[in-house]
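Number of protein chains: 2
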Amino acid sequence: MNKASKTAISPTRAEDYPEWYQQVIRHADLAENSPVRGCMVIKPWGYALWENMQRVLDKKFKETGHQNAYFPLFIPMSYLEKEAEHVEGFAKECAVVTHHRLEADPETGGLRPAGPLEEPLIVRPTSETIIGAMYAKWVQSYRDLPILINQWANVVRWEMRTRLFLRTAEFLWQEGHTVHATKEEAIEETYKMLDVYADFAENYMAVPVIKGEKTAGERFPGADITVSIEAMMQDRKALQAGTSHFLGQNFSRAQEIKFQDQNSEISYAWTTSWGVSTRLIGALIMTHSDDDGMVIPPKIAPAHAVILPIYRDETQRAEVLAYCQELKQELSKQAYAGRAIEVELDDRDLRGGEKKWYHVKRGVPLRIEVGPKDMAKDAVFLARRDTGKQESMGRADLLANLLSILDDMQANLLTRAKAMREEFTQEINSEAEFRKYFTPKNADNPEFHGGFAMCYFSSEEEVQPLLDELKVTIRCIPIDDNDTPGICFLTGKPAEKKGVFAKAY
Amino acid sequence: MNKASKTAISPTRAEDYPEWYQQVIRHADLAENSPVRGCMVIKPWGYALWENMQRVLDKKFKETGHQNAYFPLFIPMSYLEKEAEHVEGFAKECAVVTHHRLEADPETGGLRPAGPLEEPLIVRPTSETIIGAMYAKWVQSYRDLPILINQWANVVRWEMRTRLFLRTAEFLWQEGHTVHATKEEAIEETYKMLDVYADFAENYMAVPVIKGEKTAGERFPGADITVSIEAMMQDRKALQAGTSHFLGQNFSRAQEIKFQDQNSEISYAWTTSWGVSTRLIGALIMTHSDDDGMVIPPKIAPAHAVILPIYRDETQRAEVLAYCQELKQELSKQAYAGRAIEVELDDRDLRGGEKKWYHVKRGVPLRIEVGPKDMAKDAVFLARRDTGKQESMGRADLLANLLSILDDMQANLLTRAKAMREEFTQEINSEAEFRKYFTPKNADNPEFHGGFAMCYFSSEEEVQPLLDELKVTIRCIPIDDNDTPGICFLTGKPAEKKGVFAKAY
Ligand SMILES: [Zn+2]
Ligand SMILES: [Zn+2]
Numbered sequence: 008m009n010k011a012s013k014t015a016i017s018p019t020r021a022e023d024y025p026e027w028y029q030q031v032i033r034h035a036d037l038a039e040n041s042p043v044r045g046c047m048v049i050k051p052w053g054y055a056l057w058e059n060m061q062r063v064l065d066k067k068f069k070e071t072g073h074q075n076a077y078f079p080l081f082i083p084m085s086y087l088e089k090e091a092e093h094v095e096g097f098a099k100e101c102a103v104v105t106h107h108r109l110e111a112d113p114e115t116g117g118l119r120p121a122g123p124l125e126e127p128l129i130v131r132p133t134s135e136t137i138i139g140a141m142y143a144k145w146v147q148s149y150r151d152l153p154i155l156i157n158q159w160a161n162v163v164r165w166e167m168r169t170r171l172f173l174r175t176a177e178f179l180w181q182e183g184h185t186v187h188a189t190k191e192e193a194i195e196e197t198y199k200m201l202d203v204y205a206d207f208a209e210n211y212m213a214v215p216v217i218k219g220e221k222t223a224g225e226r227f228p229g230a231d232i233t234v235s236i237e238a239m240m241q242d243r244k245a246l247q248a249g250t251s252h253f254l255g256q257n258f259s260r261a262q263e264i265k266f267q268d269q270n271s272e273i274s275y276a277w278t279t280s281w282g283v284s285t286r287l288i289g290a291l292i293m294t295h296s297d298d299d300g301m302v303i304p305p306k307i308a309p310a311h312a313v314i315l316p317i318y319r320d321e322t323q324r325a326e327v328l329a330y331c332q333e334l335k336q337e338l339s340k341q342a343y344a345g346r347a348i349e350v351e352l353d354d355r356d357l358r359g360g361e362k363k364w365y366h367v368k369r370g371v372p373l374r375i376e377v378g379p380k381d382m383a384k385d386a387v388f389l390a391r392r393d394t395g396k397q398e399s400m401g402r403a404d405l406l407a408n409l410l411s412i413l414d415d416m417q418a419n420l421l422t423r424a425k426a427m428r429e430e431f432t433q434e435i436n437s438e439a440e441f442r443k444y445f446t447p448k449n450a451d452n453p454e455f456h457g458g459f460a461m462c463y464f465s466s467e468e469e470v471q472p473l474l475d476e477l478k479v480t481i482r483c484i485p486i487d488d489n490d491t492p493g494i495c496f497l498t499g500k501p502a503e504k505k506g507v508f509a510k511a512y
Numbered sequence: 008m009n010k011a012s013k014t015a016i017s018p019t020r021a022e023d024y025p026e027w028y029q030q031v032i033r034h035a036d037l038a039e040n041s042p043v044r045g046c047m048v049i050k051p052w053g054y055a056l057w058e059n060m061q062r063v064l065d066k067k068f069k070e071t072g073h074q075n076a077y078f079p080l081f082i083p084m085s086y087l088e089k090e091a092e093h094v095e096g097f098a099k100e101c102a103v104v105t106h107h108r109l110e111a112d113p114e115t116g117g118l119r120p121a122g123p124l125e126e127p128l129i130v131r132p133t134s135e136t137i138i139g140a141m142y143a144k145w146v147q148s149y150r151d152l153p154i155l156i157n158q159w160a161n162v163v164r165w166e167m168r169t170r171l172f173l174r175t176a177e178f179l180w181q182e183g184h185t186v187h188a189t190k191e192e193a194i195e196e197t198y199k200m201l202d203v204y205a206d207f208a209e210n211y212m213a214v215p216v217i218k219g220e221k222t223a224g225e226r227f228p229g230a231d232i233t234v235s236i237e238a239m240m241q242d243r244k245a246l247q248a249g250t251s252h253f254l255g256q257n258f259s260r261a262q263e264i265k266f267q268d269q270n271s272e273i274s275y276a277w278t279t280s281w282g283v284s285t286r287l288i289g290a291l292i293m294t295h296s297d298d299d300g301m302v303i304p305p306k307i308a309p310a311h312a313v314i315l316p317i318y319r320d321e322t323q324r325a326e327v328l329a330y331c332q333e334l335k336q337e338l339s340k341q342a343y344a345g346r347a348i349e350v351e352l353d354d355r356d357l358r359g360g361e362k363k364w365y366h367v368k369r370g371v372p373l374r375i376e377v378g379p380k381d382m383a384k385d386a387v388f389l390a391r392r393d394t395g396k397q398e399s400m401g402r403a404d405l406l407a408n409l410l411s412i413l414d415d416m417q418a419n420l421l422t423r424a425k426a427m428r429e430e431f432t433q434e435i436n437s438e439a440e441f442r443k444y445f446t447p448k449n450a451d452n453p454e455f456h457g458g459f460a461m462c463y464f465s466s467e468e469e470v471q472p473l474l475d476e477l478k479v480t481i482r483c484i485p486i487d488d489n490d491t492p493g494i495c496f497l498t499g500k501p502a503e504k505k506g507v508f509a510k511a512y
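From first to last, the protein sequence lines stand for chains A and B.
For the first sequence, position 466 matches number 473 in this note's numbering, and the numbering has no gaps at all.
For the second sequence, position 294 matches number 301 in this note's numbering, and the numbering has no gaps at all.
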């Protein structure tokens, strides 16, 4: 803890939100920048978090009938050219492999690329084209459909301005790619996977999300429909946390994914793709963490609890450690949300305060301190990371109540995040109101302002100039509770649907 | 089943072993070549096998104190130059990224690379250099040691002659990278991880292996000691199935991985690295599979059993299916080797023979056929993939004996593979005998010949010309049972150790 500032993380969220974000990551030891421009190193605590997220998502994908597979890292340059909008979207920021070996450079004494490739290869920014090329071979008859495949992989998009987890040149993700015989089935798949993402975000990450459809200007390059889940961060900006795309027949026409139907007629298939990435970790940090560092919902925390033994001499040490080890064993016998309770026992030779704040900053949900006085009462000193609440609790009570405490923390985090989102969500019906909402009082050093504006709008084109001026985007057109027509906040024309407008990551 | 040849796979192993290998993969639907030269697509059944291998290995890594993390895909060209032997080993076959976008090419109407990078990036062929650069930042004091990290990742080595699983331009693997304060601890780690690999190979993959040390000529570029596990394939060739490297201070000197010890003196650290890859799937195929296709040990099989309902009409269908579904439920309640029993119920509308051979070729350990006559006896028709043994068995007996049947299959596969290796392992003490052993009778179309030759040898240099002539390599110097000195088979000079000599993949 930084005594001067009274918080473990400096600056605080209110002082400098972007820098606070970086410091939370640094102090929780989640990730750091590498010497390779824009590429991050995901450190063990951050990677364990990703593994937990993967495990839950992977199970959901398999439960909805999907299988995993693996496709090549490289995409021939000519493949990108096949789908016109797709290449437009991805050609501007990709890593291009042009040579296949290095040789000594007599001029510099170092190395230089050699062995030029006949056709350059692109490091996949997303795999529609290479996977589609395989699907074109695999799909012959309606009997081969549907194809329901997911891939866990790394992808590369050459971003100029990067930020840990939120926007990096290389990131980890999953990409589902499915092929269907009918349009209806492909659309159903698109929305089904959006529901899987929303369920994961809310019920595991405790991040409330709005499910909605992207406007034409915000769609995935090559998609007919893009739906997304949108979350509100603590600076009131939106973060797109997952997307699912109905690709129509665009890719199947570009790549000849055709099949013979039950009437022996040849049709183009209907495809979808959907993905979430390590960006979710950025969403997690900015939803729950506070001025003392990381806060992680128990369902996906790499460790549920840490035990800190407290003692003054070697005799006490042996007794306290034995007690702690037994407690660790007992806690570990229980399971929460399909995973055995994971407990760390931190017996490092550090001062108590240093050790405590180390785990606070990492976001371990429960901190359990045990000293001789606690032992004498067969009790522990229990601290919750979400509320900061600290109390003495009998060991037997802890064991009996462990799962309900974790459940309470999980629910509390979601409730808190929902309350924040509701506080900063507003229906807006006029341009003046809209301008005021999205304009900070202090233009030089903008305070937290705005949030989600729910606005009827008649046309994306007509509102775009105002959005560009205010740096606001239409996040999505919500799917739920959006059936009553209204009046466009800007033009006064009739409008069918409300959109969610926000500044965004 | 191919009626003409009486085997499900054609050609057989004896007829054309390399082609048999390709056909086993094709018929088991494990993987296929992609349009990207040398890059494979790992299909769902093959990927599920890899996931099972990953799960077991990952648990073993964690049990031995390692954590997972993730490092960048790209390595700056200058990093490769830092370790002289390392660059020598990897520069000749790597993918080089030289540009970061594509632009329209007015000449061709297509695209061309644009945005040249200041420094080319190499797609990692292995990550010692990029991970070492991070470790140099992380390691300051002896308190920061050891670092015990593993990464699951894709790597690229530009191979000219590729073969599914065995040698592909891109492959999946894990690479452990550790840093230690002392030489002794690093060497201990090197051998500890070799033991982990050997244990996994023998007790999960049922692939018997010889643990040994590589000669200087066969070491990893930059290593002081390379140890490996070597397995014998059914064509009697050796396959290196995993390696562990003691890197001495070579990489820590090249990359300045230094620390202050307890006496406040600065020392270079000692590092190791170790890895296994999707090549293990190639080893698995060539150890167990037969002329009817894939054979998979139950501990890592994606499914332990498949149930095939047999019926003649819709009434029977409903009854048989209900029986099969209940059986599937009951089987799935049991767990084998730390994983719930996975059962497929194949109710596709295919002819019985076609369906049976489909699962035989995929290598599902147990095939359970259920028809009205079986049901009447409350029994099933059970077929084991390893022995081909088929028998009627009461449903209750199957449930009671399931785990011991799987254990028996697992043990049988290892015993069979060990017997084969012993049959084709020979101590050889003269050049004439050595030449005869490694020379096929039919030079134009070589029959299976040779195997493992256990030979004393005095010097790698002296035997090398003969080895080159016969296309034989020294696989390793076995660690176990190799303490008695002898006489070099070629020179007659005294020799301290025996080596394993073999033709190899
Ligand atoms: Zn070349
Ligand atoms: Zn540029």
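It is worth saying that the hints were derived from the structure and are not from the lab.
Accuracy of the hints is not assured; some may be wrong.
Intra- or inter-copy, both count: the list cannot distinguish identical chains.
[To be verified] Straight-line alpha carbon distances no greater than 25 Å define the calculated DSS-like cross-link-like pairs of lysine-lysine that follow: (1) Lys362 <-> Lys69; (2) Lys335 <-> Lys448; (3) Lys363 <-> Lys89; (4) Lys396 <-> Lys443; (5) Lys335 <-> Lys218; (6) Lys384 <-> Lys265; (7) Lys190 <-> Lys425; (8) Lys384 <-> Lys504; (9) Lys218 <-> Lys504; (10) Lys66 <-> Lys335; (11) Lys425 <-> Lys89; (12) Lys66 <-> Lys340; (13) Lys335 <-> Lys67; (14) Lys99 <-> Lys218; (15) Lys335 <-> Lys69; (16) Lys443 <-> Lys340; (17) Lys478 <-> Lys448; (18) Lys500 <-> Lys363.
Computed from a predicted structure; not experimentally measured.
* **Intra- versus inter-subunit Cα pairing at 25 Å for Lys362 with Lys69** => Classified as between; 23 Å across copies, 40 Å inside a copy.
* With 25 Å as the alpha-carbon cut-off, assign the pair Lys66 and Lys340 to within, between, both or neither. => both (22 Å within a copy, 18 Å between copies)
* To do: Classify it for me, Lys218 with Lys504: is the Cα-Cα distance of at most 25 Å met within a copy, between copies, both or neither?
  => Within one copy, since 14 Å is at most 25 Å while 68 Å is not.
* Could you place Lys478 and Lys448 in one of the four classes (within, between, both, neither) given a Cα distance threshold of 25 Å? => Classified as within: same-chain Cα gap 15 Å, cross-chain 78 Å, threshold 25 Å.
* Status of Lys69 relative to Lys335 across identical chains (alpha carbons, at most 25 Å) -> Classified as between; 18 Å across copies, 33 Å inside a copy.
* To do: Evaluate Lys443 and Lys340 at a C-alpha cut-off of 25 Å and name the case that applies: within, between, both or neither.
  => Intra 55 Å, inter 61 Å, cutoff 25 Å: neither.
* Status of Lys443 relative to Lys396 across identical chains (alpha carbons, at most 25 Å) -> neither (38 Å within a copy, 79 Å between copies)
* Identical-chain pair category, Lys335 with Lys67, by Cα at 25 Å -> Between. Shortest inter-copy distance 21 Å satisfies the 25 Å Cα cut-off; intra-copy 30 Å does not.
* To do: If the cutoff is 25 Å on CA atoms, where do Lys335 and Lys448 land: within, between, both or neither? Let me know, please.
  => Result: close neither inside a copy nor across copies, 52 Å intra and 65 Å inter.
* To do: First find the shortest C-alpha distance between Lys384 and Lys504 inside one copy, then the shortest across copies, and answer within, between, both or neither for a cut-off of 25 Å.
  => neither (61 Å within a copy, 63 Å between copies)
* When no copy is specified for Lys384 and Lys265, does a C-alpha distance of 25 Å or less occur within a copy, between copies, both, or neither? -> Neither, since 72 Å and 47 Å both go past 25 Å.
* **Alpha-carbon proximity between Lys66 and Lys335, which holds within one copy, between copies, both or neither at 25 Å** => The answer is between: 20 Å across copies meets 25 Å, while 28 Å in one copy does not.
This entry does not satisfy hints 2, 3, 4, 5, 6, 7, 8, 11, 14, 16 and 18, going by the numbered hints stated previously.
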